[in-house]
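Protein chains in written order, with UniProt numbering: chain R, 1 to 342; chain S, 1 to 342.
These are computed hints drawn from the structure, not numbers from a lab. There may be inaccurate statements among the hints.
Once the Cα atoms are required to be at most 27 Å apart in a straight line, the calculated DSS-like pairs of lysine-lysine come out as [unchecked claim]:
1) K242/S with K340/S
2) K40/R with K340/S
3) K90/S with K90/R
4) K242/S with K40/R
No experiment lies behind these values; they were computed from the predicted model shown.
There are 2 protein chains.
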Amino acid sequence: MAGPTRFMILLTCFELGVIDVLRENSRMTAAEIGKTVGAKPDAVEQLLHLPVKEGFLRHDAVSGTYSLGAFAGVPENHLQQLLQVLNMIKVVMYRQMFYLPESVRTGTLVGLEKLYGFEGNLYEAVAEHPDLRTAWATMMDGVTGQNDPWFLRHVDIPPGAQVLDLAGNTGLGAILTYRRKASPGLRVTTFDLPEKETECLENFRAHGVEEHCSFIGGDVFESIPRGFDVVLIKHFLDMFDKDDVVRILTGVHEALDVGGQVNILVPVYPEDIGDPSSAGVDFFPAYFLACTMGRGGPQKLSTYRTWVEECGFTVTRTVAQDLTTMPGTLIAHGILCATKTA
Amino acid sequence: MAGPTRFMILLTCFELGVIDVLRENSRMTAAEIGKTVGAKPDAVEQLLHLPVKEGFLRHDAVSGTYSLGAFAGVPENHLQQLLQVLNMIKVVMYRQMFYLPESVRTGTLVGLEKLYGFEGNLYEAVAEHPDLRTAWATMMDGVTGQNDPWFLRHVDIPPGAQVLDLAGNTGLGAILTYRRKASPGLRVTTFDLPEKETECLENFRAHGVEEHCSFIGGDVFESIPRGFDVVLIKHFLDMFDKDDVVRILTGVHEALDVGGQVNILVPVYPEDIGDPSSAGVDFFPAYFLACTMGRGGPQKLSTYRTWVEECGFTVTRTVAQDLTTMPGTLIAHGILCATKTA
Numbered sequence: 001m002a003g004p005t006r007f008m009i010l011l012t013c014f015e016l017g018v019i020d021v022l023r024e025n026s027r028m029t030a031a032e033i034g035k036t037v038g039a040k041p042d043a044v045e046q047l048l049h050l051p052v053k054e055g056f057l058r059h060d061a062v063s064g065t066y067s068l069g070a071f072a073g074v075p076e077n078h079l080q081q082l083l084q085v086l087n088m089i090k091v092v093m094y095r096q097m098f099y100l101p102e103s104v105r106t107g108t109l110v111g112l113e114k115l116y117g118f119e120g121n122l123y124e125a126v127a128e129h130p131d132l133r134t135a136w137a138t139m140m141d142g143v144t145g146q147n148d149p150w151f152l153r154h155v156d157i158p159p160g161a162q163v164l165d166l167a168g169n170t171g172l173g174a175i176l177t178y179r180r181k182a183s184p185g186l187r188v189t190t191f192d193l194p195e196k197e198t199e200c201l202e203n204f205r206a207h208g209v210e211e212h213c214s215f216i217g218g219d220v221f222e223s224i225p226r227g228f229d230v231v232l233i234k235h236f237l238d239m240f241d242k243d244d245v246v247r248i249l250t251g252v253h254e255a256l257d258v259g260g261q262v263n264i265l266v267p268v269y270p271e272d273i274g275d276p277s278s279a280g281v282d283f284f285p286a287y288f289l290a291c292t293m294g295r296g297g298p299q300k301l302s303t304y305r306t307w308v309e310e311c312g313f314t315v316t317r318t319v320a321q322d323l324t325t326m327p328g329t330l331i332a333h334g335i336l337c338a339t340k341t342a
Numbered sequence: 001m002a003g004p005t006r007f008m009i010l011l012t013c014f015e016l017g018v019i020d021v022l023r024e025n026s027r028m029t030a031a032e033i034g035k036t037v038g039a040k041p042d043a044v045e046q047l048l049h050l051p052v053k054e055g056f057l058r059h060d061a062v063s064g065t066y067s068l069g070a071f072a073g074v075p076e077n078h079l080q081q082l083l084q085v086l087n088m089i090k091v092v093m094y095r096q097m098f099y100l101p102e103s104v105r106t107g108t109l110v111g112l113e114k115l116y117g118f119e120g121n122l123y124e125a126v127a128e129h130p131d132l133r134t135a136w137a138t139m140m141d142g143v144t145g146q147n148d149p150w151f152l153r154h155v156d157i158p159p160g161a162q163v164l165d166l167a168g169n170t171g172l173g174a175i176l177t178y179r180r181k182a183s184p185g186l187r188v189t190t191f192d193l194p195e196k197e198t199e200c201l202e203n204f205r206a207h208g209v210e211e212h213c214s215f216i217g218g219d220v221f222e223s224i225p226r227g228f229d230v231v232l233i234k235h236f237l238d239m240f241d242k243d244d245v246v247r248i249l250t251g252v253h254e255a256l257d258v259g260g261q262v263n264i265l266v267p268v269y270p271e272d273i274g275d276p277s278s279a280g281v282d283f284f285p286a287y288f289l290a291c292t293m294g295r296g297g298p299q300k301l302s303t304y305r306t307w308v309e310e311c312g313f314t315v316t317r318t319v320a321q322d323l324t325t326m327p328g329t330l331i332a333h334g335i336l337c338a339t340k341t342a
């Protein structure tokens, strides 16, 4: 029950600058901290009880001073990462989730409509609202920066293959794929909505891969380009309910020749939903249903495997991240590799 | 970090009626639940992962059905209590806490101003806004219903005493005090803002205690009525910072004759702030600073004791609730009894 209060108290300690102040000057009283950050000492004392309770800060009862506890051992850049996630949750999710019941009933993002007067999904809203874009893109850059290299290490791309990066946005995934998998004749094509073309081609030029990467505009629900050996689907299937996932995978199956491959990267729920090390089911239903799509959400890797097979593919490999070997990561991703065999 | 998402996901399961439906018909599929509550089965599945993870519900993978888990053992009235607290947090606190940083900087309730255009504190806002009043009063009735009888069991009121219920609101505390402590000549007087008088006197008449209870209108920060043997201060000191608590207690000390007593009931933080059984420091800073007063918050019982002594009283008894013997209670209250000895 105290979840939202804990979140806002801890975030407020950061936003007021209390943590920064204590990183610079240890052993300050509530009065000294209050003077520095512009808050009444009584309020500072109230707010700091929780980080003291959690061991993040220490309080010395004799001198009445505060100093860094567990936060002392956290490098500056890790604290910045933490703060980026907290800020994303605050800006993109916190108030929007108030309308989760209405969003589930209507299948729309009621919070986005109430708070921004915006009808559509978050991916459309970030184009118009810089506060949403900054908070969301900063977090997503961290997610893709961590997971896309891991994905490419586990995915086999034959030399000289023609690769389609499905829903590849502005081409950064294609660029990374070309660089990690470069071979004579390898070509990576970003497929996304036509309005992404200009920025995508600029990115290809800026990264010097314009001779090996290209762009095709279109809609995955209408027609998927043919003539490719390998299709990559990253950070995409989790945005949809089963009916749409099946439409996408069926479209990919139709577009591939026999022997063609699909490689999927997606956040996954643990096979044992009760696994306490995963925060996925604590987080994603609210993220997708109330804040980003009004539908969708990840599945277990085994569920995705079943769906991929239902669409006619033969699954050749699945890989799931093991959270117990990834300190600080709360969400596991999975990979499915499959081949069109008939 | 997943605190707000967990809160809204679980609350949404209640608000959509999923829990009610499963209390009536166990072993329903997501499709059946979705049809009953008016939501897409995919969304129902996403939302129910978390209560399954927590053991509140059970999911049978073979039949794909859900049934009550731990919730099965919870009596209907306990679930209602839980829902009242969840609803109070949603309506009175959730969106308001978004502005906790600004509230701490300004010492005002920025959320109340942004969401309701209201300047003032929650206790004033509930008079104008029925949604806030209903959510807040329902929860407070539970808190006082649980704690005031406990308080009176531990407080000694001499036969025939003249008792002042400081900040006694609309007289319900005076009525309970008279009933529990009745003796020949006992008189309990509610002291609060003059605008409470009409409703207070109505309450006295409705409960048949109008000959033993009375009302005095005034402001605790201006002048406290004299001529009383015992002063009760319940659910009040936690609303203020130290400077105001000292003003109130000093005023009470001045108003009492030597030998006069004060009895205080207040939520308290545990002496060991790190005590994991207490949720007080996880909750109250946000409740008071962002949602009700823009200041204030409970203290440790030992801190209140020091403050009471600083104001000239001799403390004769302190009692703290032991949360380990009170299953389901997250917040401990304390009692301080003190006498004016000089």
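Between the alpha carbons of K40/R and K340/S, is the straight-line distance 27 Å or under?
Cα-Cα ~31 Å, so violated.
Check the hint pairing K242/S with K40/R against an upper bound of 27 Å on the C-alpha distance.
holds (11 Å)
Regarding the pair K90/S and K90/R, is the alpha-carbon distance no greater than 27 Å?
holds (16 Å)
Hinted pair, alpha-carbon criterion (27 Å max): K242/S, K340/S. Please report holds or violated.
holds (20 Å)
The structure does not agree with numbered hint 2 stated previously, though it agrees with all others.
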